[in-house]
Amino acid sequence: MTTLQELFQCMNVASHQPQRVRSKSFTLRELFQGQLRGEPQSKSLISSVLSFRLDVNDRSHPEMVKEVLHTLADPNNHSESSSDLYHHHAIPDHVEAFFRPAGADVVRATTRPEPSLFHMTIGNAEKAFYGACLTRYVPLNDSSKLGPLEQVLQETEGLEVYVPAGLCIISRYPILDTLKQRLDSLHAAMQDDEAYLSDVNWLPSASQMAGLLSPFDFAAATVSQEAVPSLSALDKYVDFSMEELFSCLSVEHVVALVTCMLLERQIVLVSSRYSVLTSVGETLKSLIAPLQWSHVFAPILPKNMLECLQCPTPYLFGVHSSYRVELREMLEREGCGDGIVVVDLDADTMSSPGRPQLPDAVREPLVSQLLQLLKPKVFFSDFVPMLSSRTDASLARGFPQSHVRTCFREAVAALLRTVEEFRFVLSDDFDYVVVFDRIAFLRRLPPREQSFFRSFLETQVFSHEIASVGI
1 MTTLQELFQC MNVASHQPQR VRSKSFTLRE LFQGQLRGEP QSKSLISSVL SFRLDVNDRS
61 HPEMVKEVLH TLADPNNHSE SSSDLYHHHA IPDHVEAFFR PAGADVVRAT TRPEPSLFHM
121 TIGNAEKAFY GACLTRYVPL NDSSKLGPLE QVLQETEGLE VYVPAGLCII SRYPILDTLK
181 QRLDSLHAAM QDDEAYLSDV NWLPSASQMA GLLSPFDFAA ATVSQEAVPS LSALDKYVDF
241 SMEELFSCLS VEHVVALVTC MLLERQIVLV SSRYSVLTSV GETLKSLIAP LQWSHVFAPI
301 LPKNMLECLQ CPTPYLFGVH SSYRVELREM LEREGCGDGI VVVDLDADTM SSPGRPQLPD
361 AVREPLVSQL LQLLKPKVFF SDFVPMLSSR TDASLARGFP QSHVRTCFRE AVAALLRTVE
421 EFRFVLSDDF DYVVVFDRIA FLRRLPPREQ SFFRSFLETQ VFSHEIASVG I
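Residue numbers (UniProt numbering): 1 to 471.
Quick caveat, the hints were computed from the structure, so don't treat them as lab data.
Hints may be right or wrong, so weigh each one.
Here are the simulated DSSO-like cross-link-like pairs (lysine-lysine), alpha carbons at most 27 Å apart as the crow flies [stated by the list, open to error]:
#1 Lys127 with Lys43
#2 Lys303 with Lys24
#3 Lys127 with Lys24
#4 Lys43 with Lys145
#5 Lys127 with Lys303
#6 Lys303 with Lys377
#7 Lys236 with Lys303
#8 Lys43 with Lys24
#9 Lys303 with Lys375
Beta-carbon label-pair distances, calculated as ranges [said to hold, decoys possible]:
#10 Asp93 with Leu426: 56 to 62 Å
#11 Asp431 with Glu63: 50 to 56 Å
#12 Ala233 with Glu326: 41 to 47 Å
Backbone N, C-alpha and C fix where the C-beta goes; we use that ideal spot for every residue, glycine too.
Let the hints inform the model, and build the full structure from the sequences given.
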């Protein structure tokens with residue numbers, strides 16, 4: 001039997017169908033509702049806890065090795081429920097590359113290198129994992145594993161060889177800051193523990209593992225004053241800071257970057273901070289809501305995976321500035337950099353060939369609202385009456401995250417309102433498709449807006465959104 005979509009394809013008419021609904025959704029709303037149904041968080045919240053260390057037994061080929069301390073994906077349990085757990089919580093492939101994304105090696109120094117802690121996202125919307133990695137540096141005390149020169153420098157200059165080791169905690173739920181805070185608390189409590197500081201094989205105790213695996217604190221995730229957390233508050237809550245994006249980039253660059261997301265461009269973020277890459281990437285996805293980015297998404301791209309930049313489809317990658325040179329060389333060598341939007345978050349620069357712009361009727365109010373929110377003393381500097389002390393007090397309360405999201409949601413809604421009357425739903429007894437009258441819509445637009453909408457109408461975010469509205 002010919003489907004409606006196949007029929008329209010034969011007629012060379014573009015049609016749109018809703019996305020396949022995933023069987024299980026890993027949102028805080030789902031986690032809370034599962035808790036109300038009596039489902040323990042221990043069966044879903046933390047997918048895996050891993051320890052890792054650089055194996056230096058062969059100094060010519062050091063290798064990062066991991067040990068699984070906890071996992072919901074037990075390959076030896078073959079029950080039906082365990083099969084579902086394994087499917088949803090299996091440890092991501094190549095996870096070792098994310099422990100030290102710039103590459104793992106020993107560090108030679110007279111003082112212990114500073115530890116590092118960052119959060120990360122692995123995978124796209126279909127199967128995203130959220131994690132945090134804590135790395136400490138342990139002195140290599142086995143002299144048999146030191147080279148002759150290293151032994152001499154240790155004796156004469158006090159130069160030690162330090163080996164990276166650490167912990168990684170992974171969840172299917174978007175609890176980035178929570179995961180990072182748990183590892184931070186563990187590290188802070190271990191500063192007087194000799195084994196933690198000097199033994200590369202140190203593992204957390206049972207009580208420390210219990211802390212890493214503890215239930216999510218819903219009370220802290222909602223502003224509701226009710227005894228039971230508000231589901232609407234959980235839907236709005238994000239467990240990361242959006243402030244990093246606006247601290248790194250000007251308002252104009254933020255709006256331009258969100259426009260690139262809407263048009264599904266190939267985007268590379270560059271920063272000297274891994275957590276900034278993750279926060280900025282997640283913020284950009286959040287700011288195009290209710291539209292959904294369904295393409296490749298890796299806000300931390302390990303150095304040994306730079307060839308992924310040759311991917312022909314839309315993507316968002318994040319690259320640490322320590323391998324910026326390799327990034328540039330790879331793009332120049334492969335000739336694939338001409339259409340890529342490269343954003344330097346440390347320098348507030350954005351290289352974008354033929355940078356697209358939102359329609360003025362959407363962009364100008366959005367920029368104005370953001371400047372009022374984020375830079376009121378500049379925006380209102382010539383206004384009468386002058387800014388009041390009440391305004392100063394509101395600024396001191398912190399970054400207006402919910403208001404910023406509202407500004408972008410209203411901007412996206414304004415874009416979608418212009419297309420609604422050209423959308424037609426056609427159905428039979430078995431299915432329905434959405435047809436959009438592209439020609440009539442573009443004919444109605446002023447010439448200066450046509451370039452943006454010609455590109456926007458070709459995107460998956462537009463196709464999925466226009467097909468998701470009920471009949």
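Now for the hints, and whether the structure bears them out:
1. For the proposed pair Lys127 and Lys43, the alpha carbon gap of about 18 Å is at most 27 Å, so the pair holds.
2. For the proposed pair Lys303 and Lys24, the alpha carbon gap of about 32 Å is over 27 Å, so the pair is violated.
3. Between the alpha carbons of Lys127 and Lys24 the distance comes to roughly 10 Å, so the proposed pair stays at or under 27 Å and holds.
4. Distance hint between Lys43 and Lys145 is unfulfilled; the C-alpha atoms sit about 42 Å from each other, more than 27 Å.
5. Proposed proximity of Lys127 and Lys303 is supported: the alpha carbons are some 22 Å apart, at most 27 Å.
6. Annotation: proposed proximity of Lys303 to Lys377 is violated, straight-line Cα distance about 41 Å (limit 27 Å).
7. With a CA separation close to 34 Å, the supplied pair Lys236 and Lys303 exceeds the 27 Å bound.
8. Between the alpha carbons of Lys43 and Lys24 the distance comes to roughly 14 Å, so the proposed pair stays at or under 27 Å and holds.
9. About 36 Å separates the Cα atoms of Lys303 and Lys375, which puts this hinted pair outside 27 Å; it is violated.
10. About 41 Å separates the C-beta atoms of Asp93 and Leu426, a value inconsistent with the hinted range of 56 to 62 Å.
11. For the pair Asp431 and Glu63, the supplied restraint of 50 to 56 Å holds, since their beta-carbon distance comes to about 52 Å.
12. Roughly 43 Å separates the CB atoms of Ala233 and Glu326, a value that falls within the hinted 41 to 47 Å.
In summary, the numbered hints that this structure violates are 2, 4, 6, 7, 9, 10.
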